[in-house]
Structures are given as structure tokens and as C-alpha cells.
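Protein chains in written order, with my numbering: chain H, 22 to 589; chain Z, 757 to 910.
It should be emphasised that the hints constitute simulated quantities derived from the structure, not laboratory data.
Take the hints with a grain of salt, since some may be wrong.
Said to hold, decoys possible - Chain H residues, not near chain Z, derived (Cβ > 12 Å throughout):
(1) L164
(2) I179
(3) L225
(4) T253
(5) R341
(6) L444
(7) T457
(8) K515
(9) N520
(10) G540
(11) D572
Stated by the list, open to error - Computed list of lysine-lysine pairs in DSS-like fashion (alpha-carbon distance at most 27 Å, straight line):
(12) K760(Z) / K385(H)
(13) K259(H) / K327(H)
(14) K259(H) / K860(Z)
(15) K385(H) / K860(Z)
Just so it is clear, CB atoms sit at the ideal spot from N, CA and C, and this is done for glycine as well.
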Amino acid sequence: MDIDLVLREPGNKILELPHQPDNQRHIIVGDGNTMLKLLHLAREQGCFLRSMFATDERLREGRCFKIYYLLSDDQNGQLMIFETDIGHSEDVTYPSGRAIFPAVKAMEEQIYDLFGLKADAGLEDAENGYLLHSPAYSFEEALLPLRRTRTEGRLKQIIQSGQKQRVSPALRWDNMFAKRSISLLSVGPVHAGIIESGQFLFYLAGEVIEDLSLRLGYKHRGVEKLFETHHTLETGWKLAEKVSGDSSFAHSLAYCQAVEDIAQITPPETALWWRALLLELERVYNHIADVSALAQDMAYDRAAAKIASLRETLVELNQRVSGNRFLRGVNLPGGINLSIMEVNTLDIITIVQAVSEEFLEWAKNVMENPKCRERMLGVGTLPPNEATRATGLAARASGLLHHDWRLQHPRGVYDDPETQKILLSTIVPDGEENPTRQIPIYRHDLKGDVFARLALRVAEVETSAKLIFHFAERLQAFDLTRSAHISITDHLLKQPGLNFGVGIVEGWRGDIVYTVFKGQEDTIFRCNPRDPSIINWQIFPATVRGNRLADFPLINKSFNLSYAGFDL
Amino acid sequence: MDKKQRQKIIGTNTQKPHIPKKQYFLFIRHLDCGSCNACELELNTLMNPVYDIGQYGIEFVASPRHARLLAITGIFTRNLAEAAQLTLEAMLARRIMTIGDCAKDGGELKNSYAIVSRPKEIEENIIQHIPGCPPAPMDILNGILAICQKRLLK
């Protein structure tokens, strides 16, 4: 990104930190207005907002609260980090970036709840709380858990002062009742199936959904604070795995990459290939599960049952590779821990090949079934202008195929011609033929509707299977009995205290971003996980508008966003 | 790979649970009190053709009013405390099963500020706990069947 325009303008206080890695630029911005100018420029130059968070550095050198923006300049393969000091007073406000990057809405709300720092626009519903639902409890003082002055003891004190009060559910929606002529339907937080908790408010005109309000935060578990208080840099992966269960591996991988970024080490090459392989394994079993669930929702039970049992085969493969059905306990900062492997790479290839071929056959049945097509085509279409705000699978299903971290910023094992070739062959351009694909998914299939998201999942399963074969073949060149882990303790202690690292991984939902700040010795000063769901829940209501209520479960399932990953 | 070969590989690599086929009758309502979604996925797994929990006469139902057993997953978050209370109040018979380490004592997240202690009505009525993070579907299935076999619901 070219920031000279802003740099040259007189009165702008900008400092670029020297000695950064080639793919990273760290810019310290003096005041809020310059930050807004920079963000404007970033958007004009096609940067994508990856994450935004606050830190409480009042007890550190800077003695202030800070706001960080993480943007990726995908054309130049660079990660931009904007840092700004917003002062140290308790009731400080900072300029909102919502008008420029709408995705920061949820992040600003999170900062308001957890730090008590207010953006200067758009927090009208603040008194109801976002992640911390305030009406249900009244404390003598706001909780603001992520402030460093809120030690464990202090938090306990405040919590003990809490009085529970019952508020009727209708009251909570009160300030959203602007459209009174429309009938309202509140669903949740406890849903009818075996799914996570979250609340939806539908504005219905007949059976058409006019609008949808989301109320999440029910599952707020205080993960970010636990990173700081109960984990060190070397043990934090245990908690990262539990941020979102179905992306356990991707989350712990992003965390480990962030810590390795701090320690400035690269794990052994075997570990890198294994990580890439297991990441694809996680993608395959989750995509297969989603296709099964979609088939179930369309009452195509036979395919649903068949595909669900195929998922089970893969989950059992996970168990035999790593000792855990969700690939937990594998990633460690500095490498991987695969001591209990019961299968060799050839077995993995055979099983994945059998499952993926069988799956593709069934998926073809689902995609070609006229009743299923009728349910899916043109339903839950993500408007094109909103699609540019989405990330990961949701964006790719709207035709924005470049939205894949493995393609945009190929590093390590992804910086390999064969890997890139396989990744690029996922979607076949219109009018061309690709005899290597079992089910070719064409570009014109990706119109952002439920069908597009299903088709993309099917295409990605085929791609991931090919990647798994490729990675497994590459792994055969290594001695797999040797440990693929190096100790990072010494490297960590060598680094200065104010260091931070970023880890970004393309999980199956989209890019997962971890920013980890190192404290004294090996403590964690701050850890900010950003699940793709945080961005994609915000575009979700736009997808639902104008659809029938009966189609809502199908649309919801086609996104399959994480509640736990949003609520943290 | 032809179809036969494929199915042979899939067949040999998928577990087949061996449980005496005995019919019970139990409706379960699931309640997520702040999990990471892994326990939910394993509960969903129980309904696939591999485990097929329906063959034992056990079913997950939508309404707490129909259920005789409440299956709780996850830590008990402050924001869900009220919803959990309301779910419990809607049940006729209050018997509770906790699934996963989080539901036992918070597991990895036990020191969080976002957890509240569970009300007495819940603590007193827990009749089964299934450990694991997340517990394997087989463990959950055995736990549910144990409840039926020991007649803990009467």
C-alpha cells in the first residue's frame, strides 16, 4: 500500500517502524483523524480489514489505551498494522472507523463492552450491552474485564456485588422496535435443535422476512482475559483450541503462528507439511458435515445419512492420526506433537480418497436433484455490495475467489507451485472443461446463494482431498519418526517485552487472525482471536432479507457460522 | 477407485458400536450453556447412521416440556443463566446430565469472570456426568444408556 499521500500531507503525525519483516508494515499514527485518512486510503487501495482491537497499555511505557487495525494489502502480499494512542483517561472516545470499514462494528462493540472505550458513532444500543448483557445483572461498577487494572481479585469483587434482576425478553428488544407495523418473532437464545445459543428477532411481513436483528454474546466465556491471567505463551494453545470447537486445529495453528512470529523461529519443515495436511483434513470433515446438514434440511434424508456417516469415517481418521477426534493437542508453538499416530501417510491417502470420491458422488445427487435445486437456487443471496464485506467461504461463494489466505499470502508450504495449481483449479472458468475434476463447479454457479455455498463446499472438498494427497506425498520424503518440534523457550526469553506477533490461517469458515502480545518473560499481555464469524455474522441479516421464514434454517446452515467464535 | 473398493475401505475404517439391542424410552433436551460447539457436534454425531441413537428409543426433542432429561454442555455463562433457568422451569421432571469437562467444573475456562455458579436446582439434580473434551460419542451413548439401565429417572 502506498501511504506517501498521507505521509506528505503536513500536520499528519505518522511514523513507520523500521526493521519489519518484508511482508509486514507497522505504522504508528499520531491522532484519530489521521487514522481515518489512512483507513480511507487503505480502502481505496483495496486493503481488507482483518482485525481491530484495543489494548490497555496504561501500565506499560506508553501509559495509554491503544487501538490497533490489522489490514491486509492483498495485491502486494503485505500485512499493514496501524497503531494509535487514544490517551489514558477512563472515558476516552476514539473516532469510529465504521463508515469506512463496516466490519469494525462488532469489534467496536466488543471494545466498548470489554474496555469501556467508546467509539464516537454508532453505539446507540450500548446500555443493553453487546457481549456482556448488562440488564440481567447490575454491578456496582462496570465489569470492563480486559482493562489491566481489573485483576482477578478486583473482578471477583465486582461480580460479588452483582444483583440478579429479571428483565422480560421483550424489554431487551425495546429500542429496536422501530418497525411497529410488522409482526415480530423472537427465536432463542435456546434453540430447538442441538446447536449453540444465540437470539434472532425476525421482522415478518406475512411469511417474508423483512429484517433480522441478531443478539449474540450469550456464550461470552471471557476467553481473552483467561489468555492473560491463566496462560503463558507456551500453554495458550490449549485455550485457543477451545475458542471454536469445529475449528480447533485452525485456531490453535493461528495461535502457534503468532507465538512463533514473536519468537522469530520457523518450525521444522515436517511440522509445516503436517500442519497443512491436518488443516485440510479439518476443512474436509467440516464441509462434508455441512453438506449433510443441508441435505437434511431439504429433506433429502438418504444423502444426508450417507454423507453424515462419511464424516464419521474422517473424524475417526483424525482420532487415529492425532489421538483426538477434533485434532486437539497437536499444535504446539514450535512444531507439532504427533506421538500417537496409528496410521501412516499412505493410509491417510487411501481413506481420504475413498471418502472424497464417495462423497462427491452423493453430493452430485444433491446438486442435481430438481427439488433440492428449487430450494437452493436464488435463496439466501448475499447482495454483491455486501459480499465485498464478507470473508472466507461466504465471500468466495459470491464469486470473490481470491478471498483465500492460502492464495493471497502464500508462505511456507503454500509457496509451492503444485499447491497453488491445485488451489487455483477449485473453480472451473465458464465455458472451459477440466477433466481432472470429478464434479466441475463453474464460476457462474457462484452467485452467492445457498446453492453457491453448497457447490463451493463440494468443490473445496475435492481440492482439499487433492492437497492432502500432495502433502502426504511430500511428507514421505521426511523421517516421520523424528520429533517435529523445537523448543521455543530460549527464543521467547530473548525477545523484548513489547513485542507482538500475528498468525493468520485460512480455516474452513475463513481467515482466523490471532494477535498475541508478549508481556514480561513468557507471559501473555494480550491475545486477540478473530474468528471469521465475527465478520460474517454482520452480513448475515442482509442475506436473509426478502426470503421466506421457512428457508431461514437452510440459509443459516449454508453459512454455519460460529456463535462461540463471535462471543469469545 | 471403484465403488466396491471404496466401500470396503470406508467400512473397515468406521467404528461399529456393539451394544446389546434393548429398547428404552427417553426424550432428551439439549441445552448449551457456553460450550465451544465440540460437544454439540458429538451429540449430533449420535444421530448419524453409525451410532443411530434412535434404535434404543432415545430421542433429542425440541421442547423442554417433552423431555425427561436435560443434557447440559459448556460452562455456565452469566448471559445464559436466565435462559437456562427458564428451560429448567419448563421441564416437568428435572433430571440433568452434564456432558464434557466444561460442564463439570469449567475445565480449561474455570477461572473466567463470565461464569456464574449454577443454581441449586441444577446441582442437586445432576444424575450423570460424562467426562472428556469433548467426550467421544460412544462415551455419551454409554452414559445415556446407563441412565436408562440404572433407572435413574424414576
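Results for each hint:
no.: 1; hint: L164; in the structure: 7 Å, violated
no.: 2; hint: I179; in the structure: 8 Å, violated
no.: 3; hint: L225; in the structure: 20 Å, holds
no.: 4; hint: T253; in the structure: 14 Å, holds
no.: 5; hint: R341; in the structure: 8 Å, violated
no.: 6; hint: L444; in the structure: 23 Å, holds
no.: 7; hint: T457; in the structure: 15 Å, holds
no.: 8; hint: K515; in the structure: 29 Å, holds
no.: 9; hint: N520; in the structure: 25 Å, holds
no.: 10; hint: G540; in the structure: 18 Å, holds
no.: 11; hint: D572; in the structure: 19 Å, holds
no.: 12; hint: K760(Z) / K385(H); in the structure: 19 Å, holds
no.: 13; hint: K259(H) / K327(H); in the structure: 33 Å, violated
no.: 14; hint: K259(H) / K860(Z); in the structure: 18 Å, holds
no.: 15; hint: K385(H) / K860(Z); in the structure: 43 Å, violated
This entry does not satisfy hints 1, 2, 5, 13, 15, going by the numbered hints stated previously.
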